[in-house]
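Q: What follows is each chain in one-letter form.
Protein chains: 2
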Amino acid sequence: MNATQPRVVIVGGGFGGLFATRELAGAPLSVTLIDKRNYHLFRPMLYQVAAGLLSADQIAGPLRSILKGQKNVEVLLDEVSGIDTEKRLVHLKEHVVPYDFLVLATGIQYNYFGHEDWRRTAPGLESLDDADLIRGKILLAFERAEEIAALEQADTEKTRQLLTFVLVGGGTVGVEMASTLAEMSRMALAHDFRHIDPRSAGILLYEAAPRLLPTFPEMLSAKAQHHLESLGVKVYTGTRVSKVDAAGIVANGERVLAGTVLWSAGVLASPAGRWLGAAMDKSGKIIVNSDLSVPGHAEIFAIGDTAHVVARARNLLGMKTKEPMVMPGVAQPAIQEGKYVAGLIRRRVEGQRPPAPFWYLDKGDLAIVGRTYALADLRFLRFTGFSAWIIWAAVHIYFLIGFANRFFVILQWGIAFLTKRRQVRVFPGEENPAKAA
Amino acid sequence: MNATQPRVVIVGGGFGGLFATRELAGAPLSVTLIDKRNYHLFRPMLYQVAAGLLSADQIAGPLRSILKGQKNVEVLLDEVSGIDTEKRLVHLKEHVVPYDFLVLATGIQYNYFGHEDWRRTAPGLESLDDADLIRGKILLAFERAEEIAALEQADTEKTRQLLTFVLVGGGTVGVEMASTLAEMSRMALAHDFRHIDPRSAGILLYEAAPRLLPTFPEMLSAKAQHHLESLGVKVYTGTRVSKVDAAGIVANGERVLAGTVLWSAGVLASPAGRWLGAAMDKSGKIIVNSDLSVPGHAEIFAIGDTAHVVARARNLLGMKTKEPMVMPGVAQPAIQEGKYVAGLIRRRVEGQRPPAPFWYLDKGDLAIVGRTYALADLRFLRFTGFSAWIIWAAVHIYFLIGFANRFFVILQWGIAFLTKRRQVRVFPGEENPAKAA
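So the protein lines, in turn, are chains A and B. The numbering of the first sequence is our numbering, which starts it at 2 and goes up by one. The numbering of the second sequence is our numbering, which starts it at 2 and goes up by one.
It is worth saying that the hints were derived from the structure and are not from the lab. Just to be clear, a hint being listed does not mean it is correct.
Any copy will do: because identical chains look the same in the list, a pair fits if it lies in one copy or spans two.
To be verified - Straight line, CA to CA, 27 Å or less: simulated BS3-like cross-link-like pairs of lysine-lysine:
| hint | residue 1 | residue 2 |
| --- | --- | --- |
| 1 | K159 | K235 |
| 2 | K244 | K321 |
| 3 | K159 | K69 |
| 4 | K72 | K159 |
| 5 | K72 | K340 |
| 6 | K283 | K37 |
| 7 | K37 | K88 |
Just chain A, same shape as in the assembly (with noise of 0.2 Å):
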């Protein structure tokens, strides 16, 4: 690190934080990461680690390993617990670090509404520790289910209740969840148990909205369901749930038993907004300029799902967006953003002309809907099924960060294809329903 040369510092070590760390490789400038987690997470598969398929390694790699080489970067694993805009410092737990460029990449929540007490009932899958507590989630219930049908022939009743299982929100996470635990309960688990048949668990997802996975054109969302229906999940959509407790959920106004609950709806923005004063969206993203900074603070930029980012696009045809589109909440714009923001940061440190306005390309959006079944978006083309899947898998796997890791993903996913089976499904014994409870 090299004291004299001006100091970015930049929070949050997803997508966004990352790329843009990357990005400044070689600038004269110091970088500092500040993350919670010692790990960079690839999100969009970690619904496969909570359903056993991957291990949490294999889409987690550790910040410190993965920016090793980029001599110009410092890791800190702290929590930041606000911003001093007059005197440039991160207030860290017990630290503060200057900056002379900050970098807002903190993303988001899943947003409970006001009931944070629904949380504990009905996590969501946001980090390594919720898919561990989710896995173990899962499997308990099938365990409780055996053992009341094993030692209390009489009570059906309550094995039907574990043996529901309730996903809120039909985004992409609900989806996935959906088409995960029915693949798990009809194939995975299917011949594990004495007692119980994991095939006749019920798979319940709500969504509030009209259709499924909103942010797709419609057809899209109607052959997501229909493949849903065809593994055997209920999808119960314009269903709003206005409870969630011990005993399951109510449901339009209807109370659904279920043994296991687990929440993927509503997003709502890291406090960063707060830390500024800054004008935020109703999500709490802050509205920010065209070219990602924080009005009234040209050397603060937010971005990823920390940022409001209104901005043109084009596809991968090249073909222009009529309207500036609003960014949405997946990798590509926050990776896009961090790669901007980096060239923009180093642009003005070398003293060149700034750049133009952000823009996006926008490569489309993919779904997955089960084992071998995906949706793919591409803006100008739109298809569904096992072609689609390939590029899912493709383009998943290329993205993996953990480079020492993409061989063994592709492994141990080959081989639960070929095999049907989940390798990862151990599970903490006594600790997990504690921490559940």
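Given the coordinates of chain A, work out where chain B should sit on it, guided by the hints.
A: Using the frame of chain A, we list chain B on its own:
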């Protein structure tokens, strides 16, 4: 399950319980295996999970899936709270399970010698959770030291303390952990940090007995100590640790500042002896008859670390020991006792004559002291170094029970070996410190 057949209840899915269960395959019996965790753990390699060399699922297999093909077995995930020997009932948290035969294979814990509060500060390596916790603690110590070195340039004493790791207990686990910590800090982590040098970490190993590995011949203990010292570990034998707290330890009356303290001293048997009101040795193991039954209960057996077993032994060349020996707390006696008890129950159910008293095939002891250095004591032959390591690796990989995982372990191991790097280095960011606190 056949309700009219005699029911064997086996408590504990470790080596003893699992091999007893498997040995009962095809017998005219209903077998119920109860464990508080859903997995069989290959404990001899658990330290590799703590060190980040393997991931949890590579050394643990779900009991349910290991036993899926054995039709006379059901697996229950629950914790035993007591035993009613009169009514022949095993009490679980909320249920009871009747038995005709009962096999107790409930294992051990480390012994904190009455200081249960030390358990949180100085965790022992017993379960997958412990391995995750310990990996998190170790990596977090390096992270904290890096942050302090980056942001409080003056304070070298604090980083010194954070980079001091104390291991209490010089048995096989303590020796394994010491050598692995030495290699982590000297190799895997050596170049990941900007402000600290992980190679300067202090690794201190304390043993109250006059030498390391007290169950091995003196000559091998001396070689182990010599090899550890060559790796940079400081070994203190004949040194009793009298206090553990947030600042470190007190050893032979002297304060030693350390950021991380790990425990592997002493053993304490599970409460199985108290459930029965049976006669126990000083570490709480049930003193059993020569057929491993519990005195006064011909239908109850204790095996592995639950039992104090004195038996005659033969080595691999068939040479008998002069005197009966007390079974050591390793995998082999547990496995052989499990098989013996299963055979005895089988004979009794089939109306055959009882077998001869249990005798032990003493294959010897192995201990790993470094990445390519081990000790082997085959009783008729003793050797150390790379040749012993080859034996160690072969035996351990062979015995890994989750067959699907074996290939991955070899592969990942091979890669880690060649690259001198750890694959598995992520740890939960916020949650672990809280757990450890």
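Q: Does each hint hold? Answer for all of them.
A: So, going through the hints one by one against the coordinates:
no. : hint           : result
1   : K159 with K235 : within (20 Å within a copy, 57 Å between copies)
2   : K244 with K321 : neither (43 Å within a copy, 70 Å between copies)
3   : K159 with K69  : between (52 Å within a copy, 24 Å between copies)
4   : K72 with K159  : between (58 Å within a copy, 25 Å between copies)
5   : K72 with K340  : within (18 Å within a copy, 58 Å between copies)
6   : K283 with K37  : within (25 Å within a copy, 46 Å between copies)
7   : K37 with K88   : within (23 Å within a copy, 54 Å between copies)
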